[in-house]
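**Q** If you want the building blocks of each chain, they are given just below.
Protein chains: 2
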Amino acid sequence: MKVAIIGAGRVAWNLVPALQESGVEVVEVWSKSRSSAEALAKRLGCRFMWGSLDVVTCEADVYLIAVKDAVLPEVVRQLHAGREQALMVHTAGSMPLTLFADAGHERCGVFYPMQTFSKERAVDFSRVHFFIEAAQRKDEEYLMDLARALNDNEAFVHRSTSAMRRQLHLAAVFACNFTNHCYTLADGLLADADLDFQVLLPLVEETVAKLHQMPPAQAQTGPAVRRDENVMGLQRAMLANRPDLQRIYTLLSSSIMNVERSKT
Amino acid sequence: MKVAIIGAGRVAWNLVPALQESGVEVVEVWSKSRSSAEALAKRLGCRFMWGSLDVVTCEADVYLIAVKDAVLPEVVRQLHAGREQALMVHTAGSMPLTLFADAGHERCGVFYPMQTFSKERAVDFSRVHFFIEAAQRKDEEYLMDLARALNDNEAFVHRSTSAMRRQLHLAAVFACNFTNHCYTLADGLLADADLDFQVLLPLVEETVAKLHQMPPAQAQTGPAVRRDENVMGLQRAMLANRPDLQRIYTLLSSSIMNVERSKT
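Protein chains in written order, with the working numbering: chain C, 642 to 905; chain R, 642 to 905.
Just chain C, same shape as in the assembly (with noise of 0.2 Å):
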């Protein structure tokens, strides 16, 4: 099977090098950028091309499309035409499997890998979980098979229809980008002090590692679950001068004492 890669960001430049590493035969990159196709190529040893969708190949067997979703149902309906037969793949946590339907393109999987991805650092496939779906049963097969080769351990390989993947990422975007922003709010007000954010790693650390050994509610420490006002009112105090933080400040601390509340 010749796969051509479509999109160089984050995504594609951690899981085509895996990919190919697997044994997947990587015949062409694209991206509308030429310096992210040619960096992600070089990587690769195989030609790229950029700008219009117009020069893609029509002779890969899959399209491994690994763009931002809002351009995702764009990119396929362009990329239809010459290649009917072609499988077509997104990797992409929120989109459903029916975009592609829609347009018009009927031969389609998604291979979801559920991790955080930077240009900076190689992920270990090891210890990420994949989510597989597809129109036919072959393709299924084909890309359970793809995810397998990253990944031996078969309780990270998983199928799943659109409507839970769609709900793993929403999850998702809660343990990960959004606790990730925290980290950087963190940062921030350590930098007001001069206090490198270092400092605080065994702390996040260990707040992760607890999660091994208990669910999370259970975990909760801090001023809002012990219900204390007066260190909160001390806090919210100290963001005077920074409002937004001073609003996800109230806000976060409210909801887990709504939390705590319902658990009695």
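No lab work stands behind these hints, which were simulated from the structure alone. Only a predicted model underlies this, so the values are computations on that prediction, with no experimental measurement involved. Heads up, a few of these hints could be off.
Each pair may be met inside one copy or between any two copies, as identical chains are not told apart.
[Said to hold, decoys possible] As a list, the in silico PhoX-like pairs of lysine-lysine whose alpha-carbon atoms are at most 25 Å apart:
#1 K643 - K904
#2 K904 - K760
#3 K779 - K760
#4 K709 - K904
#5 K904 - K673
#6 K904 - K683
#7 K779 - K904
#8 K779 - K683
#9 K673 - K779
Put chain R on the given structure of chain C with help from the hints.
**A** Chain R alone, transformed into the frame defined by chain C:
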């Protein structure tokens, strides 16, 4: 130095056995609740007292006070009479050293272990930063030595003003308490789809692992940082019947976009 422990909550439960192991002579545990005092005293093999503070020994050299911040000033006020020469120490992040003088007690200090403690899980003190403050130099040295006995890595034992400690604690609330609450909310979202929280652990752990390699603002991923209005609109709609989560989603997403905007 004979040490009496005032309070038998999460902090004392973790900290005091470690102090005892490092050679500290713990003579008594007091708690408002008999069962808490008894449980901790049993671990330590010392006597316990409960109920009114009148029953606390007057024979200790050091009173280590790990009670809720809200009652801390009143506890100091009540302990002062008959223990005027003793060193009184609290363990709270946000409470100033001056609270002792305000409550009538001069010889005082702070011993703040910046960590999240639960009774169900033993903390590794070699991964805890300590922040020390005292009114008198020799008491500061005594507390620094206590911390060094728990963690022999000098980089983890800090002298700190009350203002600096307060700022650290505020950052810790964002980096630990608020992130843990995001895990709780994600757990609830997964439960709605009959999915187990364990499936998110590799993502959560990778989010933290990235912090060793890049600042959190650079590590940010997800729909908000790429301004994906499409996915954000979909996810907000998915939370239509959870207005509390929807508010958090909207506020944190716009905060992520604000930080991203301010970078450029």
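**Q** With reference to the structure, classify each hint as holding or not holding.
**A** A quick look at each hint next to the structure:
1. In this assembly of identical chains, K643 and K904 lie within 25 Å of each other by CA distance neither inside one copy nor across copies; the values are 54 Å within and 40 Å between.
2. Proximity of K904 to K760 under the C-alpha cut-off of 25 Å is restricted to the inter-copy arrangement: shortest distance 18 Å between copies versus 41 Å within a copy.
3. In this assembly of identical chains, K779 and K760 lie within 25 Å of each other by CA distance neither inside one copy nor across copies; the values are 32 Å within and 51 Å between.
4. Taking the shortest alpha-carbon separations for K709 and K904, only the inter-copy value of 21 Å comes in at or below 25 Å, while the best intra-copy value is 39 Å.
5. Only between protomers do K904 and K673 lie at most 25 Å apart by alpha-carbon distance; the minimum there is 23 Å, versus 50 Å within a single protomer.
6. Taking identical chains as interchangeable, the C-alpha atoms of K904 and K683 are never at most 25 Å apart, the minima being 54 Å within one chain and 29 Å between chains.
7. Neither within a single protomer nor between protomers do K779 and K904 lie at most 25 Å apart by alpha-carbon distance, with minima of 46 Å and 46 Å respectively.
8. In this assembly of identical chains, the alpha carbons of K779 and K683 never lie at most 25 Å apart, being 32 Å within a copy and 63 Å across copies at closest.
9. Within a single copy, K673 and K779 get their C-alpha atoms no closer than 31 Å, and across copies no closer than 66 Å, so neither meets the 25 Å cut-off.
The structure shown violates the earlier hints numbered 1, 3, 6, 7, 8 and 9.
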